[in-house]
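Novice: Line by line, the protein sequences are chains A and B.
Numbering-wise (UniProt numbering), the first sequence opens with residue 1 and increments by one.
Numbering-wise (UniProt numbering), the second sequence opens with residue 1 and increments by one.
Worth flagging that the hints you see were computed from the coordinates, not collected in a lab.
Among the hints, erroneous ones may be present.
Chain copies aren't distinguished; within one or between two, either way the pair holds.
As the list claims (entries may be wrong) - Computed cross-link-like contacts, BS3-like style, restricted to lysine-lysine with a CA-CA straight-line distance of at most 25 Å: (1) 601 <-> 634; (2) 655 <-> 98; (3) 348 <-> 337; (4) 55 <-> 634; (5) 356 <-> 98; (6) 98 <-> 404; (7) 361 <-> 295; (8) 361 <-> 263; (9) 361 <-> 534; (10) 601 <-> 361.
Listed below are the residues making up each chain.
There are 2 protein chains.
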Amino acid sequence: MDIAALRAAHPDHWMRAAAIRTLTLDAVHAANSGHSGMPMGMADVATVLFSKHLKFHAAAPDWPDRDRFVLSAGHGSMLLYSLLYLTGTPEMTLDQIKNFRQWGAITAGHPEYGHAPGVEATGGPLGQGIAMSVGFAMAEEIQRARFGRKLVDHHTYVIAGDGCLMEGVSQEAITLAGRHQLGKLIVFWDNNNITIDGTVELSDRTDQITRFASAGWHVQEIDGHDPVEIDAAIAAAKNSPQPSMIACKTHIGLGHAAQDTSKAHGALTDAGQLQAAKDAYGWTTGPFEIPDDIKSWWEEVGARGVAEHEAWKARLADHSDRRQAEFARIYAREVPKSLAGRVRALKKQISEEAPKVATRKSSEMTLEVINPIMPETVGGSADLTGSNNTRTGDLGMFDVDNRKGRYIYYGIREHAMAAAMNGMALHGGVRPYGGTFFVFTDYARPAMRMASLMEIPTVFVMTHDSIGVGEDGPTHQPVEHLAICRATPNTLTFRPCDTVETAEAWELALGAQTTPSVLALTRQGLPTLRTEHKTKNLVAQGAYVLAEAEGKRQAILLATGSEVSVAMAARDLLQADGIGTRVVSMPCWELFEQQDERYRKRVLPGGAVRVGIEAGSRLGWDRWLCGERGREAKSGFVGMSSFGASAPAETLFEKFGITAEAVAEKVKSLL
Amino acid sequence: MDIAALRAAHPDHWMRAAAIRTLTLDAVHAANSGHSGMPMGMADVATVLFSKHLKFHAAAPDWPDRDRFVLSAGHGSMLLYSLLYLTGTPEMTLDQIKNFRQWGAITAGHPEYGHAPGVEATGGPLGQGIAMSVGFAMAEEIQRARFGRKLVDHHTYVIAGDGCLMEGVSQEAITLAGRHQLGKLIVFWDNNNITIDGTVELSDRTDQITRFASAGWHVQEIDGHDPVEIDAAIAAAKNSPQPSMIACKTHIGLGHAAQDTSKAHGALTDAGQLQAAKDAYGWTTGPFEIPDDIKSWWEEVGARGVAEHEAWKARLADHSDRRQAEFARIYAREVPKSLAGRVRALKKQISEEAPKVATRKSSEMTLEVINPIMPETVGGSADLTGSNNTRTGDLGMFDVDNRKGRYIYYGIREHAMAAAMNGMALHGGVRPYGGTFFVFTDYARPAMRMASLMEIPTVFVMTHDSIGVGEDGPTHQPVEHLAICRATPNTLTFRPCDTVETAEAWELALGAQTTPSVLALTRQGLPTLRTEHKTKNLVAQGAYVLAEAEGKRQAILLATGSEVSVAMAARDLLQADGIGTRVVSMPCWELFEQQDERYRKRVLPGGAVRVGIEAGSRLGWDRWLCGERGREAKSGFVGMSSFGASAPAETLFEKFGITAEAVAEKVKSLL
C-alpha cells in the first residue's frame, strides 16, 4: 500500500484519520494487549461516516433520535474509543484512553454497553452486533410509525468484520433485515481478507456480495481508504429503500509492518514498528498527543449535530404534555401506572375461576391484559406463534407496509430473534419479548448472555419447559436449561406454577429495568394453585410458603412450575399419613436469593427433611436442599438425571418417577 | 395439485411412494401426534433416491461404505421410519411403526441416533443435520484419502427444510462445505413454502439458489414430485465436483385436504380426511397394510446393495491383516494399545520437569504424543489455532488438494465446527476434536447437546476458561459455562489443574466411546502440581486427594483447574497457622459421581469445614460442599457471582477475591 499516495490524495482527511490510527497504536502499546489492525484499517470509513453522515451530538449521547453506530467487530474497540474521545463525548477522557483495558477504566477490551457513553451495544462475540442492529432498525421503524418522522428518523450504522459474516447468526440477521426491507440499516463490511488463523481463503470463499443480494440487500463495493468513494457509497446507501451493505476493501494494520497479515489482527506493540508507522503517516507528535487543529476539527464534528438536536428538542416540546410524558416514560423503561391494577384484577379473576391451563396459555392471558396498556411492547416468536402463545389480538403484524405492527414473525431464527430483541431494548422506546421452545434456549444462548451482560430487560418467553413436551422427544425436552439460566449472572429465571404466578412473573419482568427475564412455561395444562387472592406479588419474593404443614412440620417440599402441583399432591399423601408437610413454591431463585436472611429462614426453616422437585437437572438444587450453611437438613431430589424420551407426557412423568407417590416415598425414606 | 395426473404419469412410482405417505398418515393418526406433511411432500424424492441411487444394504445398516442419508428436517421422521420398514431394515418392524412416538418404541417423535438402525443422526433441532452432514462428507474424504476408493467411496445425502435453511448454522455449514468443495455431499431442499406460522414469505424472502451459489455450490431446481426430474438431478449432482443443492418444489401434505397449508406441518389426524387422501392416492388397503407387490418391490430396493456390499467385503479381505485390524479398530472407536504407555511416559517426564505452562499448552503437549499414534484424530479450531493450541506439527491441513490433511480451519464458525465434528464421529473411522474459547461454548451449544444426546465421543477443546482471560473482558470470560456443561446429561467436563491432569483427561476423552468430553483449559500459566509420578490415571476417579492435611484435618479445600494451585497456596497459609488442610482436586465431577460411595466418602469425609474454589458460578457446588446427604459439613465458596471485567488476569483474581488469602480467611470464618 502506497501510504504516501494516500496522504497526498487527501491530506486533511489523512491526518484526521491518522489520529484514530495513532491513538490505537498508543493505547494498545500501553496496554500491551488489544487489537490494533482493525481500527487502523477502518479509520477512513469511520472518519467519513462521523464527519459527514452520522447524526449525533457528542455532548448528548442519549439523544433518542441520534443515529446509532454499532461496532459489531468489537475487538476493534479502539476505533470507537478514539472517535468518542476525539469528538468530545462525556467521560471519554484521554486518561481513559491511556488506561485502555485496565481495571476501573471505561475502555474495556471490547466495548461494554453501560460503561462508556456512546457505546450503543456491547461487542466482541462476533455476529452479535450485526444481529442486534436489525433490532435497532426495527425499533426505529416502529417508533417512527408511532411518533412520526419529526421525533424519530435516524439510521443504524454497523461495522462488521469477516468473523461477523462467517457466524451463522449473521445469515439469520441479514435475511430478517432483507425480509423487512430495513432501509435505514447500513452495514460496512471491513473486507480486509484476514482472520486470526490467516487469510480468509483458509476457511471461506463465500461471495459476500451475492450472498447479501440474495437476501434482498443493496450492495456496493468500494475502496475503504478513499474518502470520496466512502462518502458516495454512504449517500447511495441512505437513498436505498433496502438495507445496505458496503463492502470496504481495506488493509488491516494500514501502514504498519504487519499490514495485511493476521499478526495485525492482534496487538502491535513493537515500539520501533509503531514509530515507523507514525513516520509513514507523517505523524510527529508524541504518544497520545493529538495536534490542536486536528482535535478541534474532531470536536467540531462532535458538535455538528447540536442544531439538529436543538431543533428536535423544540419539536418534542411542541407535543402535548401527555405525549411528551409518554415518550419519556417508554425511554425510561417505566411501566404505566395502570399495570399493577390490571395484573391484580387478572389475578383475582383467576383465583376465583381457577382454570386448568398451560402456563404458556397463562402467559397469553396476561399479555392480553398487558399489551393494550403498554403500546411499547413488541412481541414475536421464532415460528412458533401458536405454541408460544405470544401474539395477542391487538398487536398487528410488523411488515414493510405496516410499521405500526407490534408482532414480528422472526422465522426459524432463535438466535437473531434474541439478538434483535436486545437491539430493540438498547434502542429504547420499545419493550421486546419473544418466544421459542425452552430447549432452543440453546440456539439463542449467545444473545441471551449478552442481554444479561448488557443489563437490558429483554423478555424471553420459553414454552414447553420439560418432559411435559411429550412425544416430540428428548431433542425438544429441556433438562439442563433451568440450570443454564440460573448459572448466568443477572438473569431472572421464572418458572411459574399457574396463571397467578405467571401474571406476577410478567409484572416483574416488565418492571425490571436492567435485568433480562426468562419465563419457562409449560406445554401441558396445570391446575390453579393460587386460589386465594392476594394483592401482593408473591413471586417477587422468589419463593414462598404455598401450603403450610398441618400438625408438626416434618417435611418441606420445594418445587417450581409444573412440579408444584406434584408437590401439592404429595403433600396430600403425606398429610394423610400424618406427616406434616409444607410446600414451598420457588418460581424465581434469583429473587429469593435477594431476600433478607430472615425471610429465607422463615420459608426454609431447619428441622424438617427437604425434597426438591423439578423436571430438570439437580444442578444447583443442593443449595436449597442442604440449607444455605450446609448443615440444616436431610434432603433428597426428585427430577431428571438423564435426557427425556418420546412418549405421551403423562407416561414420561410416570416413567421418570416424577410423581406424587415418588415424592412421598422419598420423604418417608429420609424421615 | 392434480393427483390423478401424477398417478397417471408414473403409476408404479406413484404407488411405491404412496406407501410412505399412507404409513405416515396411519402412524400419525395412531399416535395422535407427529408431523404428516413433510413425508407426504418428500416421498417422491425419497423413493427415487433409495431405489435408484442410495448405496445401501438394508440388512447391513452398519456397512462402513454405505451412503449416508441424513434427515435434517427430523420432524418428518415417518419418512425415514417408513423407508426403513419398507426396505426391511432390522428391528424396524410394523409394530414399531404402529407404536410411533410411544414409550419403549424405537420410532421416537424425531429420529434418535442409536434407537433404530439406519438412523444416521438425530434430527429435530433444525439445521443440525445439514451441518452434521458436512462432517460426514469430510470424514468420507479423509477416510478415502487414507484407505483408498476401494474401501471408502460413498455419498452423503440430506433432506433439509426451510427451517434448516433459516437457521444460522446452515450458513456456516454450506460455506464450510463450499470452501472444501465437498462434492459428495448432496442436499435436497424440501421447498414447500410452508412453515409453522404460515407461508415462508411471512418471515423470509431469501433467494436460496443464489445463496447456495454464493457459497460455491452446484444448484438445481426441480419438480419434487416428478421422478424423472428427481433422477436426473441426482445423477447431475453426483457428477458435480461441488457440493450440490437440489431445490425440490413440493407440496406439503400432498393430496390431503390440508395440502399447502401450515396445518399440514403438524399432525393430520382427522379420519375422514385421511381416508379421502388415501382414496385420492388410489390406495385401497387398510391401515398399515402395504400390498405385497409394493412391499416386495421395496424389499428388493433394500437388497439392491447386497452384491456391492459383498464385493466390498471381498476387497476389505484383500487387505493385510494389520490393515483390516486397523480399519476395524477405528470404526470400533478403540484407542491403540500404545496410548496408555505414551501418556504415562509424558506424565512421568512432566512430573520430573514440573514446567509452568497453561493447560491449553499442556493439551498441545499431549496432542503431540497422541496424534502420531492415532491417525484417526482430526483436529481443528474455529479460527483460534494459535490460542487453542490444537494443531500439532504432523497433521497437515485438510484442503481440496490435500484430503489427507487432518487439521481443519473451521473459520469463525463454532456452531458448524461442533456439528461437523458430530457428523465425523457419527460417520466413524475418525476421532474429531476442535477448539474455541470456552465462553463460545454458547455458540456451539446446540451441537454440543446433540453430541451428549447421541452418545458420541466428540472432544471439545475449550481454552481461556475463566477470568484468567484477562484484558479481553467479560464477553470473553466464561462464568456459567462449567455449570452449563455439568448440567448437561452424558457429558464429561474436565477442568485439569496442570499438564499431568490434562494428559490424563485426554486419555479419558479418547477412551470414552459414548460420551463427549469438554476440556476446559487455561489461557494463563499454571505450576505443575502433580510432581510425584503415578502410573494410575487419577482423573479417572473424578476427584482425589492431591495434598493431605498435616495434623488434625480441620478443612478440606475443593478446587478445579487453575484454582487448585490457589487451594495449594491457601493450604500453605492455613497449615502455617496450624490448621490441618486437605486439598481435593476435582477435575471431573461426572466421573467422581460414578465412583462408589466409599471412595467418595474417603475423599470427602465429614468433620472438616469445606471450601470450594472455582473461578465460575457457584451453581452445583453445594452438592459437594454440604455433603451428599446434606448434613455433613459447614462450607463456603470462593468464586464468581457476577460477570468478569477487563483488566490483566492477576488483577482480576485479586479484585474478584479468588486468592489464597481469601480462601484462608473463608476457612477461618467457618471454623
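Novice: Tell me, which hint numbers fail for this structure?
Specialist: Hints 4, 5, 6, 7, 10 are the ones this structure does not satisfy, whereas the remaining hints hold.
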